[in-house]
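2 protein chains.
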Amino acid sequence: MKKYRRYNKKSEYSYTLGIIPTIELLKAKPEAIAKIVTHSKLNKDTLKLVNGYIKKHHVTAECNDQLISKLSTKENCCMVGFFKKYYPALGGGNHVVLVNPRNPGNLGTITRCMLAFDFTDLAIIRPAVDIFAPKTIRASMGALFAISFQLFNSMTEYKEVFNNHNLYAFMADGQSTLEKVNFEYPCSLVFGNESSGLSNECKKLGNSVQILHSMRVDSLNLSISTGIVLHYLYVQGK
Amino acid sequence: MKKYRRYNKKSEYSYTLGIIPTIELLKAKPEAIAKIVTHSKLNKDTLKLVNGYIKKHHVTAECNDQLISKLSTKENCCMVGFFKKYYPALGGGNHVVLVNPRNPGNLGTITRCMLAFDFTDLAIIRPAVDIFAPKTIRASMGALFAISFQLFNSMTEYKEVFNNHNLYAFMADGQSTLEKVNFEYPCSLVFGNESSGLSNECKKLGNSVQILHSMRVDSLNLSISTGIVLHYLYVQGK
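Protein chains in written order, with my numbering: chain R, 1 to 238; chain L, 1001 to 1238.
Because the hints were derived from the structure by calculation, they are not lab data. For clarity, every value in this text was computed on a predicted model and none was experimentally measured. Each hint can be trusted.
Below, a list of computed lysine-lysine pairs in the BS3-like style, where the Cα atoms sit at most 27 Å apart:
(1) R:K135 - L:K1135
(2) L:K1074 - R:K70
(3) R:K48 - R:K35
(4) R:K9 - L:K1074
(5) R:K29 - R:K9
Taking the hints into account, I'd like the entire structure generated from these sequences.
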């Protein structure tokens, strides 16, 4: 069947590679699952655990070593979960906003980081890397299935929809430093992409904030920046 | 010549892929350079900049498109810097200690993060991913060349050498939280690897510290954890 094949971004379906993201898919989005595929070398305890979820949610499953080896470049991949792509909408709480993210690993790491610090809404401004690419899902370790995300064509479009949000744009030359900002909620934490950061236009959107660092590097890695900010707010809220 | 070939970890030489890490190599470790290789499509301004460094440090250089395409999987790679691997030793200042790191991307990101927050000494406990692998260098964006690092066979060996350092082991069930620790210097910030974290043995080494996060993820990504801690200490020191 056409849906059980190597991913391309036009496909209606995508898949998890590996045990951890597949279990997260089973826990968080069972209704989207098309089929769970296991490898014959999967250990019995994990198979038992997975079978529990499979039965509970009446999910189709099969053992198919050949299909797994077709999809995964890693030899130790023992499980794949095919699912139909879905398009959740954001709620009115706090958001992370990524402007034109390009790297699937960073995007995945950021979704996991969001979940770690109780942020569950992600806005993505196009053009952007495909959130459903297997690489993104793998880097998220399945955290992607536990958050909501929504794509927008521009910051303007995003701002029109969420006009009561307080915007904080993180930029190398932001007007305040993270520790001096008096955050107001609901907030939108806006981050630029890996190569060009945010344009100066973004300063007009609301508050611009910088994360202090030495002059020995030009900028921080995108997922590190996001992690620092989300952790800071999480601890503040405790 | 044998040294100008695809990397394997037994080789005496390694190389940078891309403009940014090659420029960092030229700036920080010109004495280690064997040859700079440029691609004919490299833009003139960058070539001029690079030629400045090449002349200043009397480095060998050549234009060789074929060699670059042999080494790089990315089409837009325009520069490669071959260098002889070198083995710096750590100073007596603050250290980051990575126990058995496995992922070259994480290791590279961490070295860049260290430089961003003025940490310049990295201890690595074997077994560990190869710090000179081109993937590590690329993820570090060349920051690797600006820090010192040293390999140790065990935490015990490390501790014997740096017996006046105050150890802080970051673990999910650490006794204090980051914000409550009264750090004493020189310090060693010890992080476990991507899959298993630090063993309980590490609690005996000194102080154990946790980074607060929600229960929705098992653990934080290694480079995110390191980033959060280094940023926290950097801001504290300001």
